[in-house]
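With the sequences and hints as input, model every part of the structure.
Quick note on the working numbering: the sequence shown kicks off at 1 and runs consecutively.
Just so you know, these hints were derived from the structure itself, not from any lab. In this text the structure is predicted, and so the values were computed from the model without any measurement. Where is the CB? At the ideal position from N, CA and C, for every residue including glycine. Accuracy of the hints is not assured; some may be wrong.
Below, simulated DSSO-like cross-link-like pairs (lysine-lysine); rule was C-alpha separation at most 30 Å, straight line [to be verified]:
#, residue 1, residue 2
1, K10, K58
2, K324, K192
3, K289, K324
4, K289, K303
5, K58, K81
6, K81, K57
Now the in silico label distances, taken between C-beta atoms and shown as ranges [as the list claims (entries may be wrong)]:
#, residue 1, residue 2, range
7, E306, S46, 32 to 42 Å
8, Y307, Y207, 27 to 37 Å
9, E306, Q79, 36 to 46 Å
10, K289, K57, 37 to 47 Å
11, Q200, R145, 19 to 29 Å
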Amino acid sequence: MRPFQYLRPKTVGEAVTMAADHPDAQYIAGGTNLIDLMKRGITSPSTLIDINHLPLKKIEHRYDRTRIGALALNSDVAQHKLVTRRQPLLAEALLAGASGQIRNMATVGGNLLQRTRCSYFYDVAMPCNKRNPGSGCSAEGGINRTHAIFFNANEKPSCIAVHASDMCVALTALDTDVVIAGPNGERTLPFKDFHRLSTQQPELDTYLAPGELVTAIEVQDNAFTEHHHYLKVRDRASYAFALVAVAAALQMDGGKIWEARVALGGVAHKPWRYWAVELMLRGNAPSEKLFREVAEHEMRSAKAGEYNAYKINLTANAMVAALKTAAGIS
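What follows is the structure, given as structure tokens:
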């Protein structure tokens, strides 16, 4: 690990100014991902800006939304009464992520910004467009068992790694905004526009501008508190990243689905939301036949590599299972 300068701002404004003065600086909070990357030489910032003492841990309800500070710990958010009551899908997803020890250190903001766990990204001896743009994607012709099956329809991906977060899958299914502080003041970005696909600049995971700092997320109130499920399929039941994850949420009334949300993890460079599936579900009575039809319809656009074709059937089956649980049918 290279030597680095350590700075500790007292305010959000001071943190943003420090980042502007040190272009290759990085913010550090829990450090559950960043420290690993520094130890492996994947990232080597000359300056770390410690934001742990900033007042960004509060969880509160404002008007029609739940606001969660970027420094709130994953374990605290998952167990907070406001979250379990108003956003239970988010609490479910957080409890499915990582281990208890990591959830006790990891922050909401850091979870949003975590890097892929692609083994080729972590192996500095192998070409990787995300680590070294233009060097190639080793996973394309390598062991791509855990890699993406969904891409931008119009462009060839330059990276087939998947996004690692469980929390972000749930936030993608819900109406979420990201609150960001930067040199030009505060702005809000819809969560669906926060992460990037890999067709251009695969080294960039988000649409944050240099020096910007995530200060909070805001999740709008919804009618999904009764019918929801987060299903994570992984190689082992203990700490492991998802092969496929499904966040399913339904608003039911009179035996029919009036609103639906479906988002996937482990299948794309960013959390993947199924807009077409949601439209197909609306106004219909829930059934395994309906869920199977919409799941298989969406799988037509999947593109597998040599070792991850199994993900197509696995994703469809996981979608059906998650929707059945959310709907309360056996």
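Evaluation of the provided hints:
Of the supplied pair hints, the one linking K10 and K58 holds, its CA atoms being roughly 17 Å apart against a limit of 30 Å. For the hint linking K324 to K192, the alpha-carbon distance of about 25 Å falls within 30 Å, and the restraint holds. Distance hint between K289 and K324 is fulfilled; the C-alpha atoms sit about 10 Å from each other, no more than 30 Å. Distance hint between K289 and K303 is fulfilled; the C-alpha atoms sit about 24 Å from each other, no more than 30 Å.
Taking the CA atoms of K58 and K81, the gap is about 13 Å. The hint holds against a cut of 30 Å. With a C-alpha separation of about 15 Å, the suggested pairing of K81 with K57 holds against the 30 Å cut-off. A beta carbon spacing of about 40 Å between E306 and S46 agrees with the range 32 to 42 Å that was offered as a hint. One distance hint, 27 to 37 Å for the beta-carbon pair Y307 and Y207, holds here, with the actual separation near 31 Å.
E306 and Q79 have their C-beta atoms about 42 Å apart, which keeps the hinted 36 to 46 Å range intact. A hinted range of 37 to 47 Å holds for the C-beta pair K289 and K57, which are about 46 Å apart. Q200 and R145 have their C-beta atoms about 26 Å apart, which keeps the hinted 19 to 29 Å range intact.
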